[in-house]
Amino acid sequence: MARDFFEQRAKGWLRPSIVDSLNEHKAHGDRVIIVSASLSLYVSCFASFLETEFLATELESDGSVLTGRIHGENVRGAEKVSKLDTFLSRAGYERSEVFVTAYGDSAGDTEMLAWADRAVRV
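This note's numbering puts the sequence shown at residues 6 to 127.
A portion of the hints provided could be inaccurate.
[As the list claims (entries may be wrong)] Label pairs and their calculated CB-CB ranges: (1) Val105 / Leu71: 30 to 38 Å; (2) Ile75 / Met6: 25 to 33 Å; (3) Ser101 / Phe10: 21 to 29 Å; (4) Asp67 / Ser22: 39 to 47 Å; (5) Lys16 / Glu78: 23 to 31 Å; (6) Ser69 / Asp35: 30 to 38 Å; (7) Glu102 / Gly17: 31 to 39 Å; (8) Ser43 / Val105: 15 to 23 Å; (9) Ser53 / Thr91: 17 to 25 Å; (10) Ala124 / Thr57: 17 to 25 Å; (11) Ala124 / Phe92: 12 to 20 Å; (12) Arg123 / Lys16: 23 to 31 Å.
Keep in mind that the hints were calculated from the coordinates and are not lab data. Cβ atoms here follow ideal geometry from the backbone N, Cα and C, with glycine treated the same way.
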């Protein structure tokens, strides 16, 4: 269902200039990670299409059934920074060792943009 939604509707929401920028980053060897408050089952479709990694809001499940509740925190605002810090740590990096360029288009990106070395509001 998420894949169908992406193919039929959401793929058209991608801004060509942003896709070009992400592809430029990848061509230069940068690691590209989508960080989104949206549900991971949708964000994973964008990430797969763009060939990137992602951090997103997860849904709780009870076995093979989704409960409709969020598992953990909504990846918005300061939680984006927390998720990125955890990601970097698990990858073996200190924040001071990496240069971060962040792109954001909503108020929920403010903290991440402030945390980044280079912030691009789109």
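Verification of the supplied hints:
no.	hint	verdict
1	Val105 / Leu71: 30 to 38 Å	32 Å, holds
2	Ile75 / Met6: 25 to 33 Å	19 Å, violated
3	Ser101 / Phe10: 21 to 29 Å	39 Å, violated
4	Asp67 / Ser22: 39 to 47 Å	42 Å, holds
5	Lys16 / Glu78: 23 to 31 Å	27 Å, holds
6	Ser69 / Asp35: 30 to 38 Å	37 Å, holds
7	Glu102 / Gly17: 31 to 39 Å	38 Å, holds
8	Ser43 / Val105: 15 to 23 Å	21 Å, holds
9	Ser53 / Thr91: 17 to 25 Å	22 Å, holds
10	Ala124 / Thr57: 17 to 25 Å	19 Å, holds
11	Ala124 / Phe92: 12 to 20 Å	18 Å, holds
12	Arg123 / Lys16: 23 to 31 Å	27 Å, holds
The structure is inconsistent with the numbered hints 2 and 3, although it conforms to all the rest.
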